[in-house]
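Given only the sequences and the hints, what does the whole structure look like? Please build it.
The listed protein sequences derive, respectively, from chains A and B. When we follow the working numbering, the leftmost residue of the first sequence carries the number 1, and every step to the right adds one. When we follow the working numbering, the leftmost residue of the second sequence carries the number 1, and every step to the right adds one.
None of these hints come from the bench; they were simulated from the model. A hint or two may mislead.
Claimed, not checked - Derived DMTMM-like pairs (lysine to aspartate or glutamate); straight-line CA-CA distance at most 20 Å:
| hint | chain 1 | residue 1 | chain 2 | residue 2 |
| --- | --- | --- | --- | --- |
| 1 | A | Lys26 | B | Glu58 |
| 2 | B | Lys44 | A | Glu5 |
| 3 | B | Lys36 | B | Asp85 |
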Amino acid sequence: SQQGEEDPQALSIQEGENATMNCSYKTSINNLQWYRQNSGRGLVHLILIRSNEREKHSGRLRVTLDTSKKSSSLLITASRAADTASYFCATGIIQGAQKLVFGQGTRLTINP
Amino acid sequence: DTAVSQTPKYLVTQMGNDKSIKCEQNLGHDTMYWYKQDSKKFLKIMFSYNNKELIINETVPNRFSPKSPDKAHLNLHINSLELGDSAVYFCASSQDRGGTAFVAKNIQYFGAGTRLSVL
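Right, dumping it as structure tokens:
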């Protein structure tokens with residue numbers, strides 16, 4: 001079964017509003033990463049948070065990690081039309097090498 | 001220059017055929033991956049190679065055979081294609097096999113994908 005589950009599956013907001021996406025996972029992790037996928041394109045790395053970190057910022061992105069609840073959230077502040085994309089969380093699991101296990105993604109639509 | 005490039009971008013073929021997808025990265029990375037994204041957008045790892053050595057091999061039908069002639073290339077050959085093989089296949093690379101405290105080594109860089117349609 002998939003490691004990560006994302007919530008909501010789809011989110012539609014107005015430009016300028018904040019968008020929050022959540023991710024839950026099942027096993028111990030080394031790190032958790034968020035990726036963005038524009039329609040018809042490959043995934044682009046956004047931010048990585050290590051298992052011993054609780055919060056991380058990068059520009060308009062804020063990621064939190066709660067290992068006791070096995071959950072993470074991605075907050076995009078002051079959203080823009082260009083933020084429209086699918087967002088995936090991926091848990092980094094070490095099995096000899098790092099294996100990324102992806103959630104099903106959240107489809108974010110920013111309305112102008 | 002595209003960092004991770006895959007060819008072809010689209011592949012339409014008949015059931016039972018054999019096809020290959022090629023991937024090349026110019027980032028100097030040691031590790032490469034193949035992922036499959038199904039129609040519901042689930043993205044699942046299939047294989048990973050580190051310096052031409054297979055390091056991750058998920059439960060994938062043996063009709064799928066990866067080949068890494070050198071660390072900059074990882075090709076995927078699929079025999080006897082089936083309808084269920086229709087998906088988007090992504091190649092990715094990372095500096096090395098990851099799992100260390102160095103953040104950069106845990107980040108993966110993806111190609112644009114190959115949309116495979118089996119008729």
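How the hints compare with the structure:
For the hint pairing Lys26 of chain A with Glu58 of chain B, the CA-to-CA distance comes to about 18 Å; that is within 20 Å, so the pair holds. A distance of roughly 13 Å separates the Cα atoms of Lys44 of chain B and Glu5 of chain A; the hinted pair therefore holds under the 20 Å criterion. With a C-alpha separation of about 9 Å, the suggested pairing of Lys36 of chain B with Asp85 of chain B holds against the 20 Å cut-off.
Checked against the numbered hints above, the structure violates none of them.
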